[in-house]
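Colleague: Here is what each chain is made of, one letter per residue.
Protein chains: 2
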Amino acid sequence: MTPDNLPSASPSLARLVQELNRLPGIGPKSAQRLAYHIIRLPAEEAYALAEAVTAVKQNTVYCGECQNLAEATPCAICADSRRTRSIICVVEEPMDVLALERTRSFRGLYHVLHGVISPINGVGPDQLKLRELLSRLSEPDVTELVVATNPTLEGEATAMYIRRHLARDDLRVTRLARGLPVGGSLEYTDETTLSRAFQGRQDL
Amino acid sequence: MTPDNLPSASPSLARLVQELNRLPGIGPKSAQRLAYHIIRLPAEEAYALAEAVTAVKQNTVYCGECQNLAEATPCAICADSRRTRSIICVVEEPMDVLALERTRSFRGLYHVLHGVISPINGVGPDQLKLRELLSRLSEPDVTELVVATNPTLEGEATAMYIRRHLARDDLRVTRLARGLPVGGSLEYTDETTLSRAFQGRQDL
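Chains as they are written, first to last, in this note's numbering: chain C, -12 to 191; chain F, -12 to 191.
Keep in mind that the hints were calculated from the coordinates and are not lab data. Values in this document were obtained by computation on a predicted structure and should not be read as measured data. Treat the hints loosely; a few may be bogus.
If several chains are the same, the list does not tell them apart, and a pair holds so long as it fits within one copy or across any two.
[Stated by the list, open to error] Here are the simulated SDA-like cross-link-like pairs (lysine to any residue), alpha carbons at most 20 Å apart as the crow flies:
no.	residue 1	residue 2
1	Lys116	Glu38
2	Lys16	Thr90
3	Lys16	Met82
4	Lys16	Arg27
5	Lys16	Ala66
6	Lys16	Met147
7	Lys116	Thr90
8	Lys116	Gly187
9	Lys16	Tyr34
10	Lys16	Asp128
11	Lys116	Arg27
12	Lys116	Ser182
13	Lys16	Arg89
14	Lys116	Val160
15	Lys116	Asp83
16	Lys116	Ile26
17	Lys16	Glu80
18	Lys116	Glu141
19	Lys16	Gly111
The whole structure should be built from the sequences, with the hints applied where relevant.
Modeller: Here you go:
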């Protein structure tokens, strides 16, 4: 939506709609609705939102070890002495770290690639944080690499690339199990997943 | 989503997710996705967004005449001498003014009620800008009132209230036509709309 579509009565409203419309998943209609909502917020709530946007840009850095977004380097996870330093879990995006942390079942370290190898989108190994991963793998205490890229074509290709080109021979390289989602049903599971679940069947 | 679910590594990220999550239609997942998008924006774009939020709060006022959100009172529409001052179009929300202005088919003035009469939601006539409308109707140059509240139960009730309690006898009070949406089909039109379209049929 261009500012022309909006009444000249309120250029700052038009500007806000335009800025919100740039965000992913927010079309012109939602941008308008959000803008009107923001106008009606108590001033302190609106300022809190604006400050949160500014603060996140000012305070966020990449952790020099795991490459995750953080407020300090090393980040709180890398700096946590209670975590196992022998297992590194490789993920595509910072949000994947959140998802895994929520499970509370992994107490090792992470490495965020910030993408996947995707020739169609022009993303090669050099655009990912693979060089940083390689240098971490040269440390002898690392014994296992869990490649937790997504179970997609690109995620699998990236996992294969890591195993072939980066991993030392004595390093255990694993991949998250593929199978039926908990709470799911066989009937609605796609063939590939079902076939993987069958192959990966475990003793009861 | 509470900040507890997010890694302590980035409190400002957690705060932004929380602020975004308060906006209507933005759940925890979208808030997270938006926050990561904002982190990766070039700094000037993120600051532009924050400034737009702040500016809209600082610059927006209610027009003393039509009660629309604007940057000055009277607003650009009310102050426009080329517009007919004899017809006032009553709408529920500021966004309705935008929608009508986009049609370029109305050149009169507006009046924004900021809601509809809705006993279920505890909104009575006193919570709407009806007193302001009444005082505008006392001016003798106003000859027609187009009540463009939504064609919903509440919208209709509000329209009826306006006609009964506010309009002078010599004032023409109209309502937007109900009928088939342009580009729509009879097959997928609900019965009430179709019946309204039939009642309101016009000579070809």
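Colleague: Look at each hint and say if it fits the structure.
Modeller: Outcome of the hint check:
no.	hint	result
1	Lys116 x Glu38	neither (30 Å within a copy, 33 Å between copies)
2	Lys16 x Thr90	between (36 Å within a copy, 16 Å between copies)
3	Lys16 x Met82	between (27 Å within a copy, 10 Å between copies)
4	Lys16 x Arg27	within (17 Å within a copy, 24 Å between copies)
5	Lys16 x Ala66	neither (44 Å within a copy, 27 Å between copies)
6	Lys16 x Met147	neither (42 Å within a copy, 29 Å between copies)
7	Lys116 x Thr90	neither (25 Å within a copy, 51 Å between copies)
8	Lys116 x Gly187	neither (30 Å within a copy, 66 Å between copies)
9	Lys16 x Tyr34	neither (23 Å within a copy, 23 Å between copies)
10	Lys16 x Asp128	neither (53 Å within a copy, 36 Å between copies)
11	Lys116 x Arg27	between (43 Å within a copy, 16 Å between copies)
12	Lys116 x Ser182	neither (32 Å within a copy, 63 Å between copies)
13	Lys16 x Arg89	between (34 Å within a copy, 14 Å between copies)
14	Lys116 x Val160	within (18 Å within a copy, 67 Å between copies)
15	Lys116 x Asp83	within (15 Å within a copy, 49 Å between copies)
16	Lys116 x Ile26	between (41 Å within a copy, 18 Å between copies)
17	Lys16 x Glu80	between (29 Å within a copy, 14 Å between copies)
18	Lys116 x Glu141	within (15 Å within a copy, 57 Å between copies)
19	Lys16 x Gly111	neither (36 Å within a copy, 28 Å between copies)
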